[in-house]
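Participant: Here are the chains, one letter per residue:
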Amino acid sequence: MPSAPSSQPARPGWILCHHCDAAYARPTLQRNEVARCERCNNVLLKPPRLQPQALLALSLTALLAFCFANLYPIVNVELNGDSRSTTIIGAAMALSETSYGLVTALVLATLLLFPLLEICLMVWISGFLVAGKRCPGFHGAVHTLQDLAPWGMLDVFALSLAVALAKLFGIASVSFNVGMVGLIGLVILMPLLSNTPLHELWDLRLVDKEPDALAEPAS
Amino acid sequence: MTASIITGRSKALLQCHYCSFVVNHDAALEADGHPHCPRCSAVLHQRKPNSQARTWALVITAMLFYIPANVLPIMHTHAINGNQSSTIVGGVLHLWHLESYDLAIIVFVASVIVPLGKMLSLILLALFNTLGYAGKQQARTRLYNFLELIGPWSMLDIFVVALLAAIVQFRGLATIQPGLATVAFAMVVVLTMLAAKSYDPRLTWDHSKPND
Numbered sequence: 000m001p002s003a004p005s006s007q008p009a010r011p012g013w014i015l016c017h018h019c020d021a022a023y024a025r026p027t028l029q030r031n032e033v034a035r036c037e038r039c040n041n042v043l044l045k046p047p048r049l050q051p052q053a054l055l056a057l058s059l060t061a062l063l064a065f066c067f068a069n070l071y072p073i074v075n076v077e078l079n080g081d082s083r084s085t086t087i088i089g090a091a092m093a094l095s096e097t098s099y100g101l102v103t104a105l106v107l108a109t110l111l112l113f114p115l116l117e118i119c120l121m122v123w124i125s126g127f128l129v130a131g132k133r134c135p136g137f138h139g140a141v142h143t144l145q146d147l148a149p150w151g152m153l154d155v156f157a158l159s160l161a162v163a164l165a166k167l168f169g170i171a172s173v174s175f176n177v178g179m180v181g182l183i184g185l186v187i188l189m190p191l192l193s194n195t196p197l198h199e200l201w202d203l204r205l206v207d208k209e210p211d212a213l214a215e216p217a218s
Numbered sequence: 000m001t002a003s004i005i006t007g008r009s010k011a012l013l014q015c016h017y018c019s020f021v022v023n024h025d026a027a028l029e030a031d032g033h034p035h036c037p038r039c040s041a042v043l044h045q046r047k048p049n050s051q052a053r054t055w056a057l058v059i060t061a062m063l064f065y066i067p068a069n070v071l072p073i074m075h076t077h078a079i080n081g082n083q084s085s086t087i088v089g090g091v092l093h094l095w096h097l098e099s100y101d102l103a104i105i106v107f108v109a110s111v112i113v114p115l116g117k118m119l120s121l122i123l124l125a126l127f128n129t130l131g132y133a134g135k136q137q138a139r140t141r142l143y144n145f146l147e148l149i150g151p152w153s154m155l156d157i158f159v160v161a162l163l164a165a166i167v168q169f170r171g172l173a174t175i176q177p178g179l180a181t182v183a184f185a186m187v188v189v190l191t192m193l194a195a196k197s198y199d200p201r202l203t204w205d206h207s208k209p210n211d
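Going down the list, the protein sequences come from chains A and B.
One point on numbering: in numbering that gives the first Met the number 0, the residue at position 11 of the first sequence is 10, and numbering is uninterrupted.
One point on numbering: in numbering that gives the first Met the number 0, the residue at position 58 of the second sequence is 57, and numbering is uninterrupted.
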């Protein structure tokens with residue numbers, strides 16, 4: 000169906016359901032209230048809950064955990080006096096011969112590059128937000144974060160590690176190394192970080208910014 | 000359910016995929032011929048472009064890669080008591096025979112049920128849209144939300160093989176090498192994730208009767 004041509008300016012009070020395109024007047028929500036779509040029952044709107052300070056603290060902790068998880072081996076495995084340890088990069092590299100680097104690249108991207116990029120962008124954005132400013136490159140930074148969202152796989156990796164080690168228990172002796180602490184930290188922190196309501200970043204009113212004629216009313 | 004649901008499309012309204020800003024189509028139109036978000040400058044779409052064609056193409060390609068992913072060996076084990084190559088299903092059966100039922104179930108769910116279920120569900124969802132079927136819309140929307148959630152979990156077996164290949168390098172005793180199925184299986188994971196991302200759940204509702 001062709002869209003009806005209209006010369007009227009945008010109606011700032013509208014909200015559309017991301018799941019079914021139903022249109023509603025933007026509701027005013029109390030704390031703990033959630034608006035649901037009448038047609039498909041998905042969440043339409045939640046009250047804002049983004050806190051820049053908490054986000055900065057969370058992302059800096061995640062950065063620290065990331066360094067530990069990648070600079071130190073995760074586990075040591077010993078068999079007949081012969082000892083081996085592995086890092087996340089080591090696991091990715093073990094795939095490189097067979098797959099011509101294809102799977103290695105995917106593993107490095109989902110376990111190393113994307114999580115690191117996500118953490119660094121969060122530090123960058125929330126650091127400036129705490130100071131009441133938008134970071135340089137704000138648009139690109141937030142768009143990148145939103146695009147990256149489904150592609151970090153550290154939680155899947157943690158379960159894989161449990162499966163791999165369970166296969167080795169009884170055959171070889173397994174001991175944990177410093178990297179394990181960092182990995183556990185990341186598995187806890189990354190879901191919290193990914194749970195950030197990124198779209199709220201666009202709604203924040205900042206002191207040093209002149210009033211935006213296009214911004215939606217706070218109601 | 001109310002008798003009159005208004006849609007964004009019927010009002011020529013567009014909502015930004017990134018920042019949720021709602022704007023009238025004509026007000027957002029820029030010199031390049033596409034509407035752009037006035038707030039964050041992203042390109043706006045009424046529906047994801049070529050959603051159905053892209054979903055079909057990606058999911059069919061994923062199905063094709065799923066064949067070598069299961070036929071080719073995913074792991075080669077060289078040990079003093081002999082060499083062995085195992086496929087994904089072979090690995091699950093091996094775990095089962097060793098009475099590691101919990102591991103067998105984890106790997107079976109992540110490597111067989113999740114990717115197969117995801118591909119079949121996407122085919123079903125795309126087929127309903129292609130046929131213009133307008134029933135069970137809430138269930139279809141829930142199914143799609145679920146698919147997005149379970150997306151990356153089929154990478155599990157690839158990470159397991161990577162870890163084992165990195166750790167088990169005890170010369171003379173046992174070494175493990177990844178098999179070619181890792182490549183095919185990685186393609187299945189990436190393609191199904193892209194297919195789910197291309198699918199537009201709003202198409203499900205576009206066939207609704209006006210007062211449905």
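I should point out that these hints are in silico values taken from the structure, not numbers from a laboratory.
Check before you lean on any hint, since a few could be wrong.
Cross-link-like lysine-lysine pairs, in silico, DSS-like; alpha carbons within 25 Å at most [to be verified]: (1) Lys47(B) / Lys196(B); (2) Lys47(B) / Lys132(A); (3) Lys47(B) / Lys135(B); (4) Lys10(B) / Lys45(A); (5) Lys135(B) / Lys196(B).
With beta-carbon atoms standing in for the labels, derived distance ranges [stated by the list, open to error]: (6) His44(B) / Gly139(A): 13 to 23 Å; (7) Leu115(A) / Thr60(B): 27 to 37 Å; (8) Leu130(B) / Thr143(A): 31 to 41 Å.
Think of the CB as a built atom: it goes at the ideal place given N, C-alpha and C, for glycine as much as any other residue.
Participant: So, for every hint listed, does it hold in this structure?
Facilitator: Hint-by-hint comparison with the structure:
Proximity of Lys47(B) to Lys196(B) is assessed by CA-CA distance (about 9 Å); at most 25 Å being required, the pair is judged to hold. Taken as a hint, the Lys47(B) and Lys132(A) pair is broken in the structure, with Cα atoms around 33 Å apart against an allowance of 25 Å. Among the hinted pairs, Lys47(B) with Lys135(B) is consistent with the structure: their alpha-carbon atoms are about 22 Å apart, no more than 25 Å. A C-alpha spacing of about 24 Å is found between Lys10(B) and Lys45(A), which places the hinted pair at or below 25 Å, so the restraint holds.
With a CA separation close to 21 Å, the supplied pair Lys135(B) and Lys196(B) stays within the 25 Å bound. Between His44(B) and Gly139(A) the CB atoms are about 19 Å apart, so this pair conforms to the stated range of 13 to 23 Å. Checked against the given bound of 27 to 37 Å, the beta carbons of Leu115(A) and Thr60(B), roughly 30 Å apart, stay inside it. Roughly 37 Å separates the CB atoms of Leu130(B) and Thr143(A), a value that falls within the hinted 31 to 41 Å.
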